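Read top to bottom, the protein sequences are chains A and B.
Just so we're aligned: 357 in my numbering is position 357 of the first sequence, and the numbers increase by one with no gaps anywhere.
Just so we're aligned: 174 in my numbering is position 174 of the second sequence, and the numbers increase by one with no gaps anywhere.
Treat the hints with care, since some could be wrong.
Where chains are identical, the list cannot tell them apart; a pair therefore holds if satisfied intra-copy or between any two copies.
Below, simulated SDA-like cross-link-like pairs (lysine to any residue); rule was C-alpha separation at most 20 Å, straight line [unchecked claim]:
1) 445 to 29
2) 23 to 374
3) 203 to 268
4) 203 to 417
5) 23 to 94
6) 23 to 448
7) 367 to 57
8) 367 to 398
9) 367 to 151
I should point out that these hints are in silico values taken from the structure, not numbers from a laboratory.
Remember, predicted model here, so these are calculated numbers, not experimental data.
There are 2 protein chains.
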Amino acid sequence: MSRRLVVIGGDAAGGSAASQARKRSPDLDVVVFERGRATSYSACGIPYWISGAVESEADLIARTPEQHRAMGIDVRIRTEVVGIDLDRRVVHWRDLAEGGSGVEPFDDLVYATGSVPMRPPVPGIDATGVHGVQTLDDGAALRAALDGDVSRVVVVGGGYIGLEIAEACRIRGLDVTVVDMSATPVGTFDPDVGEFIADAVRKEGIDLVLSDAVAAIETDAAGRVRAVVTASGRELHADLVVLGLGVRPAVRLAEEAGIPLGTSGGVAVDARMRTQAEGVWAAGDCVESVHRLSGQRMVVALGTHANKQGRVAGINIGGGYATFPGVIGTAITRMCDLEAARTGLSTAEAEAAGYEFVTAVVDSTTKAGYFPGAQPIRLKMIAERRSGRLLGAQVVGREAAAKRVDALAICIWNEMGVDEILSLDLSYAPPFAPVWDPVLIAARKAFEAVEADVRLL
Amino acid sequence: MSRRLVVIGGDAAGGSAASQARKRSPDLDVVVFERGRATSYSACGIPYWISGAVESEADLIARTPEQHRAMGIDVRIRTEVVGIDLDRRVVHWRDLAEGGSGVEPFDDLVYATGSVPMRPPVPGIDATGVHGVQTLDDGAALRAALDGDVSRVVVVGGGYIGLEIAEACRIRGLDVTVVDMSATPVGTFDPDVGEFIADAVRKEGIDLVLSDAVAAIETDAAGRVRAVVTASGRELHADLVVLGLGVRPAVRLAEEAGIPLGTSGGVAVDARMRTQAEGVWAAGDCVESVHRLSGQRMVVALGTHANKQGRVAGINIGGGYATFPGVIGTAITRMCDLEAARTGLSTAEAEAAGYEFVTAVVDSTTKAGYFPGAQPIRLKMIAERRSGRLLGAQVVGREAAAKRVDALAICIWNEMGVDEILSLDLSYAPPFAPVWDPVLIAARKAFEAVEADVRLL
């Protein structure tokens, strides 16, 4: 009998693992259990489907169950794995559509359950009109609700997903308020960069309620959302509430089965995406990754990591060799006309990791200043004192600003110092950059700060 | 008596050297001789001034003579240095405006003479109606000529500057033909990328005459340009000819003075921008740089290098310490709606440098494929066989495509292998990239090519 791989979860990580393993090892039986009705879809695209920028659900799906099946992968949608028995080497499943259940044996297992959205434990959280935005089903439900009689939306959480959903609702012509506990939106940015974002969001007509939290959701007699009440006592009228608080790893099944978690709460994996249970692999939003700068283990829910980790697991299962080398916290978003991106450590993260550092902030333009269409860009660098090593960078600006973060991410990845960064041979022509690219200007300024600081040591 | 620095050339390199030296060493007397009437201007911006995208000459000037003077720098415009006497430590100058001449002593000298445009040695090259585009004066003359009775323009040279000028003329509504000796335009790109560029240029209605050279420029009875005749016998009617063949380093003065040149024909400098003559520094288009990958010395005329090299020379002259670490051949351009960029070695350059390599070409999109405004992007990687080290990369595409070259340049700078590149934590969100950024897809494909090749070794 041939070897059997069972994959729990058919989205980015599970789908990649299944297809890589199958590709490398054509004799392998591959069974994928997916609780939802779709596989391999772009959850990150849901806000744009809500806004109407992306027209159809089908656009978000990279690979359908049928496409997986055509590659010889046995995909079972609407089927939930409800238990893992590591001793007997089987998973227990339940058919959510038809109601049946069963047992599937495995030799190798990929745990790719993804994440579950955070729900504040407040009164009214389960009221009609409170929506999540994590799955395609969530997206479809929210779209349908927004097509109804809705005029006021409160978004809980002002991170990436919260602001993207807020913008989508604004594009649909609704009144939108975002509530967030941080003093500036997207708390993973430093406050001086967050201010830039807050201004842009407010200019779009989105209300921001900051340094405040949701205390309760009030409902009408029919159990429908009526208002959101905050910790500070504000009452925000709402026909609809969207939860955009981020996610936590879906680890319940792993815990129950005895697959060890790491200190961060995600499933612990090694560089090859092996868990500490024999023959069990894990990938995607449910695992913890190593931050290459701080050395800390953390859970980063992001489709690009999920794809890479799934690929690594699949190659290894298929008999190859691949490793996932960790993350450095790169993220990017577009809010209204503003682009924002970060990589490495923020000042708060650098402090928490024990670093001392200097910072530099520059305001420049995306193209030569005199060139038509040149847009403002603000770039912040965080450099370790004495060594000058780049620890983190943040970019905000208009069109063509934020993708510069990739250059900065690669500098951090390679542990470059700001003195070397300012000498880099980056591309220059007036339609693309000033003669000193903003990246180089920021490195110059950060280097001057490092030098000034060294004199004090 | 205080120390005196004389700078020959007041553009990017000379201006930067003068201001850095002065800033670090306020007692230094700084005299800058500039043959033209402007200092510190963006020669790269001239095509956009020709096209009308940039409105006025003043927009191109980063720092005027008056601004330099306000910093205590004695700028003498329209004054040409005609000789350097290293024994007597003086330069001989001539006032081009008033006709006088004189001698200026120096302790340190910065040689920043820039470059001279290449002129094919063909009959008629000095005819009325043949224009260069190197200096502001060239730009002003060309603008004035194009405002006259001109309908057909031939651009000699299909490199960056040639195509930029061709586009500028096309925007002005003229018939434009570009003649170039290469089989595809911008010969520093590989042919498969150059084809992409050729298509875009032709779609703009610009005629390309490739694999051909200018043999003669025919004139009418009044000595005005009438046609360009090519080596293959084509006769291209022209009211105006623009020479966009690139430049060579302006080293005549240095040669006459006994300042040694390098093998590439540029002034030889060390990492601190010192020439081999005591107390003489050089920077900008006239010097040779080290290519960090091939180890070869080469002249690269580019404003961003000139600025950096001038800064390095100025810091060192001012008593500080700075080095210029070399170049890796990064370049970018926009032609019509197409963006194109390269870094590292092309296949031809890699061969010439003795490398064996594999290549990978991918066609992807600038944003998630389903996202509105996603544009095609083609990315080519050249990776060393066995090691997988990235040797070169080329990018072409529409809006937001080409600046990705910076990420690739930093990979090359750090001698990264394609296997590590495919794991990089690059930014992802649907408005900015597919979940596998084109850079990562290309690295994956290049890595597969490296692996397949290793099996043959």
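A quick look at each hint next to the structure:
no., hint, result
1, 445 to 29, "neither (57 Å within a copy, 26 Å between copies)"
2, 23 to 374, "neither (46 Å within a copy, 29 Å between copies)"
3, 203 to 268, "neither (43 Å within a copy, 54 Å between copies)"
4, 203 to 417, "neither (37 Å within a copy, 44 Å between copies)"
5, 23 to 94, "neither (28 Å within a copy, 74 Å between copies)"
6, 23 to 448, "between (52 Å within a copy, 14 Å between copies)"
7, 367 to 57, "between (36 Å within a copy, 17 Å between copies)"
8, 367 to 398, "both (11 Å within a copy, 16 Å between copies)"
9, 367 to 151, "neither (40 Å within a copy, 31 Å between copies)"
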